[in-house]
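Colleague: Could you build the full structure based on these sequences and the hints that come with them?
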Amino acid sequence: MLTDSIIDVLILCKFLKSIAAVNMNNLNEESYIKAYQNFGDAIFRHCYFRISNKANAEDMTQNVFMKAWEYLEKGNEVKNLRALLYKIAGDLIVDEYRRKKADSLERMIEEGFEPLGSNGSEIQNLAEGKDMLRLMQTLDPKYREAVVMRFIDDLSPKEIAEIIGESENNVSVRINRALNKVRQLINHEEKS
Amino acid sequence: MKKNPDKNSFEAVVQAAKGVRLSSEARERIQDNLVYFTRNHPVRNLALERQTSERSLLIKFKFMPIALAVMLLFGGSGVTFAAQGSLPGDLLYPVKTLSENVRVGLAFSDEAKAQVNAKLASRRLEEAEKLVVEGRLNAETKDQIEASFEAHSAEANKAIVQLEVEGNLAAAADANAELVGSLNAHNELLGKLGVKAEASGSENASASPAQNLSVTVGAKVEAQKALGAELETKVSAESNGEVKNSVQGRLNAAENELVSLRAYLETRKDKVSAEVYASAEADANAAADLLASVSVKIGAGAYGDAFVIILKAEVEMQNTRFVIQSSENFNINLAPSRVEGQTDFRINNGSGATNPPSGSNDADGGSLNFNTGAAIHGGSINGDGKVDVRAGGDSFNSNDSASIHGGSVSGEVNGNAEVQPGINSSVDAKLKLGL
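Protein sequences, first through last, are from chains A and B.
Heads up, the first sequence is in the numbering used here, so the first residue is 1 and it goes up one at a time.
Heads up, the second sequence is in the numbering used here, so the first residue is 1001 and it goes up one at a time.
Any given hint could be a false lead.
Now the stretches of chain A that chain B is said to cover, found in silico as 3 or more residues with beta-carbon under 8 Å [claimed, not checked]:
#, stretch
1, 29-36
2, 55-63
3, 128-134
4, 178-187
Mimicking DSS-like on lysine-lysine, the simulated pairs with C-alpha atoms at most 25 Å apart in a straight line are [said to hold, decoys possible]:
#, chain 1, residue 1, chain 2, residue 2
5, B, K1119, A, K34
6, A, K181, B, K1018
7, B, K1119, A, K67
8, A, K74, B, K1269
9, A, K74, B, K1196
10, A, K34, B, K1018
11, A, K67, B, K1271
12, B, K1018, A, K142
13, B, K1234, B, K1244
These aren't lab readings, by the way, just hints derived from the structure by calculation.
Ideal placement from N, C-alpha and C gives every residue a C-beta, glycine not left out.
Modeller: As structure tokens, this is what we get:
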């Protein structure tokens, strides 16, 4: 009898704790929206500098979060939400590249420089990124990815490697090469 | 122009670039869409897939308290997870009930209350369906399910009415439409499973309890439909404020859902019969048509109407998924009967009355007569004047501006053609052929 009661108490305690864990982990809408408030800008920034189009980057940001929700809704546990978001964004960006028919530089620059809105803060916003956008557009997609993730997103090479599924070594090498390229471009511009 | 060779100029560029962020308009718009999305994203029927592997494992434990304690001590949250697929009569069902109560407790807003209770009411029906298939729906389990179903659907209704009272018509109409759509679909499935059980003879005694439960659910569906009609009238009339502001966001979310639905259908193509798949595709197209008609309403400032159409489209999309799942999980075909070999056609708004000869399927508005053997397959008729559809001798007369959307009529069936009315006197004809 006593052992039964002890077990019952144990069950109750562990049980309540486990219910709380299950509920907080996944389908909590409130914490999901909080995650959007925390990471929304970062994801937008990431997409914007890689695909060079503000409107598409906005849509893409929304899609990233929606897909993340779908992933969570299926019951998958996610230890690192930030990494998941970047992973999803990366996939969508690859799709976007494929969708673009002519990958001409002129077209990209054209798309990048859209008329900025009449909203004052918006002009401020994107204008600050003008130089970066121009630089990114001259880089190959893979270098662009490396630069954006390392310097704009502030991800470590290890984190980047995990997100894009390559070795940390490859990532580091690519970052260095990309950085060299970028510095070359900047020096070249400054000389002219 | 020569600048100062600044070693840090890249760093400066980066620093500036970090200031880039979403405009406040975009940030809010996306958040609205996400909130809407999370509340309306259909739940995949994973419980069934999980259940079969885990339940058989659990049946093997004979000594309940010790087994539970061991699992809890070493398994952490595994038990609650394992319990999700359990059914009335199973070992872990009380665990499932408890976890559901916690979820209900966490719902504070009326909207959340409506959502969670609607979901749980549907869950009871999912459990009933599985029990029928296993022949385990008896008087006892049926009573258990029915009691819980009635409690949750009553709570959902209470919350919806409260939303209406508060003036939050959009949320009320939304929640109610989903509730009705879901319960209706489940009830249809339950009915067919019951029939199947009966046909399988004495091994499966679930037919009668299933039927009784179905009556209860049916009554609930009718009651909520009545409320839905009232809510939709109110929403249609409302073209300002919340309804207006939320329309564009909801349209975007619905369009995204359509894309998601089509992708989903692609993946299920091989898992269901050609007939079911074709029907699902037609339903998806019907939803697409509805959504396409929304922008016209928005342009005309009829935000209330637009909102109601979007709701309809969403329910249509939910049902499409449900039809696929029912086919996959239970091998039951919920697709409305369609006549093969008919071509789609469309008749657009016209003026004046023309009387095409019977059997013709082309006209500009006015009166249209379809006699025996004609079919409207996935088409629509929009026009002023009367539309007269005869199905095997019985006729159905609609009023002005009627349209039959995505319906099908076989001229060889005898009996009544029952038509479900939609909004603004347009008739959404999943025509039920009298059997």
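Colleague: Give a verdict on every hint.
Modeller: These are the hints, each one checked on the structure:
Here the stretch 29-36 of chain A counts 4 residues with a CB under 8 Å from a CB of chain B, which clears the bar of 3, and the coverage holds. With 4 residues carrying a beta carbon less than 8 Å from a beta carbon of chain B, the stretch 55-63 of chain A meets the three-residue requirement, and the given coverage holds. Under the rule that three or more residues need a Cβ within less than 8 Å of chain B, the assignment of the stretch 128-134 of chain A holds, with 5 such residues. Three residues within the 8 Å Cβ limit are the bar, and the stretch 178-187 of chain A against chain B gives 5, so the coverage statement holds.
Among the hinted pairs, K1119(B) with K34(A) is consistent with the structure: their alpha-carbon atoms are about 24 Å apart, no more than 25 Å. Restraint check for K181(A) and K1018(B): the C-alpha separation of about 20 Å stays at or below 25 Å, so the hint holds. Taking the CA atoms of K1119(B) and K67(A), the gap is about 21 Å. The hint holds against a cut of 25 Å. Restraint check for K74(A) and K1269(B): satisfied, since their Cα atoms lie roughly 20 Å apart, inside the 25 Å limit.
Proposed proximity of K74(A) and K1196(B) is contradicted: the alpha carbons are some 30 Å apart, above 25 Å. For the hint pairing K34(A) with K1018(B), the CA-to-CA distance comes to about 21 Å; that is within 25 Å, so the pair holds. With a CA separation close to 24 Å, the supplied pair K67(A) and K1271(B) stays within the 25 Å bound. Between K1018(B) and K142(A), the direct Cα distance comes to roughly 20 Å. Compliance with the 25 Å bound is thereby established for this hinted pair.
Using a Cα cut-off of 25 Å, the hinted pair K1234(B) and K1244(B) holds, with the two alpha carbons roughly 13 Å apart.
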